[in-house]
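J.: Read off the chains here:
2 protein chains.
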Amino acid sequence: MKIIIVGGVAGGASCAARLRRLDEKVEILMVERGPYVSYANCGLPYHVGGTIEQESSLLVATEQMFRALFTVDCRTSCEVVGIDAKLKTVELKNHLTGEVTTEKYDKLLLSPGSAPIRPPLPGIDLPGIFSVRTVPDARNIKAWLDRDVDRSVGNSFTGNDTISKPKQAVVVGGGFIGLEMVENFIERGLKVTLVEKLNQVMPPLDPEMARLVEGYLKKHGVNVELSDGVAGFRKSATGSLEVLTESGKAHPADIVVLAIGVRPETALAKMAGIEIGKLGGMRVDEQMRTSDQDIFAVGDAVEVKNFVTGEWALIPLAGPANRQGRIVADVIAGRNSRFRGTQGTSICKLFDAAIAQTGVSEKQLIGLGDTDYEKIYLYPNSHAGYYPGAKLLPMKVIFRKSSGLVLGAQILGEDGVPKRIDSFAMAIQMGCTIYDLEESELCYAPPYGTGKDPVNFAGMIAANILRGDMPVCHWDTLGNDFLLDVRNPPEIAAEAVPGAFNIPLPQLRARLDELPRDREIAVFCRSAQRSYYATRILLQNGFKVRNISGSMLSRSHRAGN
Amino acid sequence: MKIIIVGGVAGGASCAARLRRLDEKVEILMVERGPYVSYANCGLPYHVGGTIEQESSLLVATEQMFRALFTVDCRTSCEVVGIDAKLKTVELKNHLTGEVTTEKYDKLLLSPGSAPIRPPLPGIDLPGIFSVRTVPDARNIKAWLDRDVDRSVGNSFTGNDTISKPKQAVVVGGGFIGLEMVENFIERGLKVTLVEKLNQVMPPLDPEMARLVEGYLKKHGVNVELSDGVAGFRKSATGSLEVLTESGKAHPADIVVLAIGVRPETALAKMAGIEIGKLGGMRVDEQMRTSDQDIFAVGDAVEVKNFVTGEWALIPLAGPANRQGRIVADVIAGRNSRFRGTQGTSICKLFDAAIAQTGVSEKQLIGLGDTDYEKIYLYPNSHAGYYPGAKLLPMKVIFRKSSGLVLGAQILGEDGVPKRIDSFAMAIQMGCTIYDLEESELCYAPPYGTGKDPVNFAGMIAANILRGDMPVCHWDTLGNDFLLDVRNPPEIAAEAVPGAFNIPLPQLRARLDELPRDREIAVFCRSAQRSYYATRILLQNGFKVRNISGSMLSRSHRAGN
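So the protein sequences, as listed, match chains A and B. In this text, residue positions in the first sequence follow my numbering: the first is 92, and each later residue adds one. In this text, residue positions in the second sequence follow my numbering: the first is 92, and each later residue adds one.
So that you can see chain A by itself, here it is in the shape it has in the complex (with noise of 0.2 Å):
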């Protein structure tokens, strides 16, 4: 039994060393078309930035590694230049040698991953351009900006600029990538714009979600460009580059990074004559499995269920990947192993910030047009607010009317977002309710959390909204209400929502007759506390009465404050 796996990152790295444990006689052939396997790749923006200081640090296993620990016939710089499915055999590209060999499988596992998009637009050739998805990408980049460093008449540290001192960096793409490179350019004391084609950045999150991140930016000296997308590039009179966009504007830049989205490496798929998704990506089953009985596929290249939504999905992420390696090696050793699907959990560093989402977000759903679910955004303390350090953790938590399911998870914030997007991803993957959120207990003490940790607050509210103690609204959806504020005369003196009739929340009782009893009415204060009392105050009296869901702190965060 010989087994011939191509790409030697993530998900064929995992499936080399599991299979091997699985079974020591099967013969196993790992090939890689770059210089390193098991690299990794999600720190290369850090290495560009200087975090990582050494290169060496990015890679994780080595070819000897695999031949001495694995007795993996691991080949580096070799590339499949064909594939035979019906004789079972892939020709072999040695780079180094230029030798062509081929070599028969019983099974072939392609892992090839995907490739930056680079669109073909005027000058996108121009040195300068980068994209970010190799060790040697990387060592480009950081070349490009050191040599630019030497060729100074000064250098960075003197003040002593010239023309030639990398100064202005220009990132195209607000997705992962991108903010990561936004935010190790801008460590390495960089200006940088971000030039984004859609209309927010970070395309996984909602786009009021991105607002924020948005605002977040920008606090941070980020030009944030949206809804304008590259025409071109070239150069300028000074020698550096210009960014061109669709909206006429020029960016000057003495970097580029392209950070558009990658796209699955299908041309081995096409050689096997395998089928390819309606996304790009290779089909699979369960099993990793594709059109073709003896060929598997993982990882960055194949399409994978989103298990929320039951939708194909194209998830270029380092952890499905390394899952979707074992389960081959499972499956090819004998094992029924099945891959469940994704649910899209993710979370992105910046500055001193974290991005994270899981589950769906609601544009997927409308984009669906699932209407069976409803929203809310929090904003609780992210520990206890009178131990230091306490952040705002802005959230938003979508969930099923009809059934209180979990369905998705968005939360920023400077303190405490990885424990609780790890809930959030745990109770989706469990089928966890907004009522067993309430009732979770999760760990707290004043550096770390709440008595009510921001996830029981989230199935609280929700809750309250499914079991009709507390109606909801939002402000992009208000229609005629009668808007309330219920916030103290201070508060608005420093804010105010125009049209709004402020009874503060001490005197609501006493003033009910102030309200009207044939109007909605739609209730806020900061952060929808008190207006939660409110509307149990008015629903009791009879009034029909919304919260808006956020209140002010959500109002402030669409506008990216």
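These are computed hints drawn from the structure, not numbers from a lab. For every residue, glycine included, the Cβ atom is placed at its ideal position computed from N, Cα and C. A hint or two may mislead.
In silico DSSO-like links for lysine-lysine, alpha-carbon gap of 30 Å or less [stated by the list, open to error]: (1) K482(A) to K482(B); (2) K482(B) to K543(A); (3) K482(B) to K454(B); (4) K195(B) to K184(B).
So these bits of chain A aren't anywhere near chain B, every CB distance computed over 12 Å [what the hints assert, rightly or not]: (5) K93; (6) E118; (7) L217; (8) R302; (9) T336; (10) R610.
Got chain A sorted already, so can you dock chain B onto it with the hints?
T.: For chain B alone, kept in the frame of chain A given last:
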């Protein structure tokens, strides 16, 4: 309908607020013996240490707030001195005026909390011996420390030590409060001796995990005295205190804190004639109703079911108290809420580390005679090793041998503990198996995690055991096993295990004939990963072999390193 709530901190205050939200009309009287309602007793150690500067920060809600926002008749410094459960009346004593009044109730909630245990030891009433339970306690400790500074010739910053300057604290009891006080005394520059009667600190942990906490305390300069109870206290010749122990030691102390646990306050329960459980807490049903249908009880003073073991437990924590208070409000308002029990989730900050647990411990299972479990030790990186700041995350995970159900987790470390313990907490709540943990899709980016999260690793290791892929054993139960060390010579030179035979993993396949076929082989390396590979090689070659869980890391951790 009139409700009287006795005790205005966590559980009582939660009930009052929720009950008002559910019912505008019910009459609510909340009495609190102390001067403050709803104060943050969890923050008291940090106020003593100076991390929380202002005492006022600890006052979460005030009597005035309960009156104005919740129309709750809230009375502080007001104690219940009598209950007549037949007449449904309580006698209230106003401590400010001395006045005693009688109030009638329809429903009564007892939320009296617990009292610090103060055994009647010789000298226990000497000045300078404190508990940490209330705001006045913290104030008294601070005053004691500050008074001594004032009296000293110099001050603590000039190094002008005098006998009256507080420099030595003794903390009695190594649980949560004890450890928090140790940390906060160290933060204030005191030397600290910790005296604990048990043979371990942090009683919720299993002893071998507590050993690591003990080592950590010692690294921070704490003198840890285990297995030695306090026999009494006396004034020394120099005017400071001495803590006398059962073994005959005398520990000098300028201040002593007693943190040897709390005892449910059941004086009221006895007045009312309601049932007390075997652990000394009030016995309640799932709706927090005592043996008297019109009297409810919540918080530290009740016994609750550990829903993992089904056993009664005393859980003096804020989270469950808050939830119970809400449940009582629901039930009084005619709703069918039930307390699902507790799973003992807790966390404690200790210098840069966090110590956390959820579910059951091994010693609880042993106490129950439950042998249907297995355990693993693992030491994964808290986040990607190549990203700065990654720390080893010692974990013990306990699971059902028969079903794979996750039973408990104990996690310590300087990074990423809350993220992982909450994943386990949610997993245990939802009846997750270790097979589910293998597949959990938790958030990953290099600053926060690893492509396979520590929680996934725990699932994979446990599943390897239950699937028969990796028989496991532990250092403390090795029998006549042949000890095989698959580390490399330099590692062994640094720390050898007496009697172990060495074959470095890369040589193992070629040297199988050096190993016995008639004995159990127990194999280890540094972290149990290479020894897992070795286990797989040996198993497939017909050897009887088990992997030593946690390997050298577990061994040195048991030594407190």
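J.: Next step is simple, just say for each hint if it's right about the structure.
T.: We went through each hint and held it up to the structure:
| no. | hint | result |
| --- | --- | --- |
| 1 | K482(A) to K482(B) | holds, 24 Å |
| 2 | K482(B) to K543(A) | holds, 28 Å |
| 3 | K482(B) to K454(B) | holds, 27 Å |
| 4 | K195(B) to K184(B) | holds, 14 Å |
| 5 | K93 | holds, 18 Å |
| 6 | E118 | holds, 14 Å |
| 7 | L217 | holds, 30 Å |
| 8 | R302 | holds, 21 Å |
| 9 | T336 | holds, 29 Å |
| 10 | R610 | holds, 21 Å |
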